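Line by line, the protein sequences are chains A and B. The first sequence: position 28 = 28 (my numbering), numbered continuously. The second sequence: position 152 = 152 (my numbering), numbered continuously.
Hints are not guaranteed to be accurate.
Cut-off 25 Å, straight-line C-alpha distance, at most; resulting in silico cross-link-like pairs (SDA-like, lysine to any residue) [what the hints assert, rightly or not]: (1) Lys169/B <-> Leu79/A; (2) Lys70/B <-> Leu79/A; (3) Lys169/B <-> Arg51/A; (4) Lys169/B <-> Pro52/A; (5) Lys169/B <-> Val94/A; (6) Lys169/B <-> Leu11/A; (7) Lys2/A <-> Gly185/B.
The following label-pair restraints were derived from C-beta to C-beta distances [said to hold, decoys possible]: (8) Ala167/B <-> Ala39/A: 18 to 28 Å; (9) Asn166/B <-> Lys34/A: 29 to 39 Å; (10) Glu130/B <-> Pro57/A: 33 to 43 Å; (11) Asp22/B <-> Asp8/A: 42 to 52 Å.
Hints in this document: simulated from the structure, not taken from any laboratory. Please read these numbers as outputs of a predicted model, since none were measured by experiment. The beta-carbon is built from N, C-alpha and C at its ideal position, and this holds for glycine as well.
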Amino acid sequence: MKIPQDIDRLLWSVAEQHDPRAFDEFAERYPAYKDELVARTKLVRSLRGARPNRDVPVFNLPQAHRAQSRARMFQVFALGALVVVAAASVGVTVFRHQATSSRQTPPVSSPASQQHGSMLPHSNQLPPETVGPKRVGQSAPVTPHPVQPAQAPDPFGRLVTVDEEGAALSQVLRDIAHQAGIHLEFAPGMSEETVNVRYMALPAKLAFEDLGQNFGISVVVQEGSRALVIPAIDSSRPVVTLPDGSYSEPAEPATGSSDQARTPGLNHTDGRH
Amino acid sequence: MVSNLIDQAHTLGVDDESRLVDRAVAGDETAFRSLYQRYYAKVYSIAKGILLSAEEAEDACQEIFMLAYKNLHKFDRRSRFSTWLFRIAVNRSIQESRKSPGRRGIVDLGEEAESIPDTRHEPETDPMVEEALEQLQPLDRAVLTLFYWDDLSLQEIGESIGCSANAAKTRLFRARERFREVYEGARP
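The shape of chain A in the complex, shown without the other chains:
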């Protein structure tokens, strides 16, 4: 008996449903296919009835796989630990760097006159990372200067920090003196040059020398913390002259400052200027 395709599909559908009402409806509607439906229903029931029903046995992972699994877990743990250590290391490094940076100040000095043009030389007495003074318009690289633990008892050895732009030279000198606790006096004829200065944590003596080298002034220490600024320089003597007649280490002659006024013999300690 040839069964039409749609009836065939319906037959399987009803046979698989296990719904007595659907069975009766189909049998009533297509009585010619009732036997076929009965046969298919039996077949489906037999097939479904043959479904195995087994208790679930214990699943034993072989030792090798268990060890492999543990090794994998250990690898994951080790990798995680490594990442944590690396992150902690980076964190500590960054923190220390920030802490160090916050304690350090970039010691750059760049005094300059308003005359744009020639660059003034470095002072040898400045720390290696300190850049010599420059005239206005020239920039100096900023580099950190190590912090000194305590201020020196000698006022000229005390650290000063000056960061001024377009300030009068005399004002800069006063600021340095004020920070170092030095009483400064000025001889007549001081230049009123405007300078840009950045000294960071630099001994006052070096700051004076640096300015003296570049702007033709001498600082004569009179007694204790008193000093006299003279608007001239003796190229054979140091810029800063101590009261006992000794000199501080002379600064490197300013190769680019030959055009500046220098008056020999003006930085003696006997006051005969």
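Fit chain B to the known structure of chain A by using the hints.
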């Protein structure tokens, strides 16, 4: 409303399965054992339907779950874990059935006497069904098993045997016809 609840329950089931898979991939044996408990019966049905031997099906099940455990990291989550597992079960069981196609027919007396079938857990079934199934190709047995024993949809059957839902429908139709032919031909 009821369908919403059913959908919700289904979603929860899938999420739960996904979580178990995640944990198992991370090396959690307990999670894998939960998956094993959940799917053992269906995997066993597939193996039994294709191999037709309870003993072989049991061995195959251990191998299938072991394979799944070893290759869990390769599970790409494009399908459900269960479908991926059933596919392993079908392939492994068909492979196994091809290895020893005549084994069931060539059992010597000694072996037969020693291997008394363990029927403690197996309910009585129509022996003609098994005989009819034996006459079919392993893939036909697989399709019938997945449809009638594991109640998978045509889509899931397709994914399990590596074809489309339409192809699975055609395969099911043919397998059912062949089975009927053999089954009814064998009936007295």
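Comparing the hints with the structure gives:
{"no.": "1", "hint": "Lys169/B <-> Leu79/A", "verdict": "violated (48 Å)"}
{"no.": "2", "hint": "Lys70/B <-> Leu79/A", "verdict": "holds (21 Å)"}
{"no.": "3", "hint": "Lys169/B <-> Arg51/A", "verdict": "holds (21 Å)"}
{"no.": "4", "hint": "Lys169/B <-> Pro52/A", "verdict": "holds (23 Å)"}
{"no.": "5", "hint": "Lys169/B <-> Val94/A", "verdict": "violated (65 Å)"}
{"no.": "6", "hint": "Lys169/B <-> Leu11/A", "verdict": "holds (16 Å)"}
{"no.": "7", "hint": "Lys2/A <-> Gly185/B", "verdict": "holds (18 Å)"}
{"no.": "8", "hint": "Ala167/B <-> Ala39/A: 18 to 28 Å", "verdict": "holds (27 Å)"}
{"no.": "9", "hint": "Asn166/B <-> Lys34/A: 29 to 39 Å", "verdict": "holds (31 Å)"}
{"no.": "10", "hint": "Glu130/B <-> Pro57/A: 33 to 43 Å", "verdict": "violated (22 Å)"}
{"no.": "11", "hint": "Asp22/B <-> Asp8/A: 42 to 52 Å", "verdict": "holds (45 Å)"}
Checked against the numbered hints given earlier, the structure breaks hints 1, 5, 10 and satisfies all the rest.
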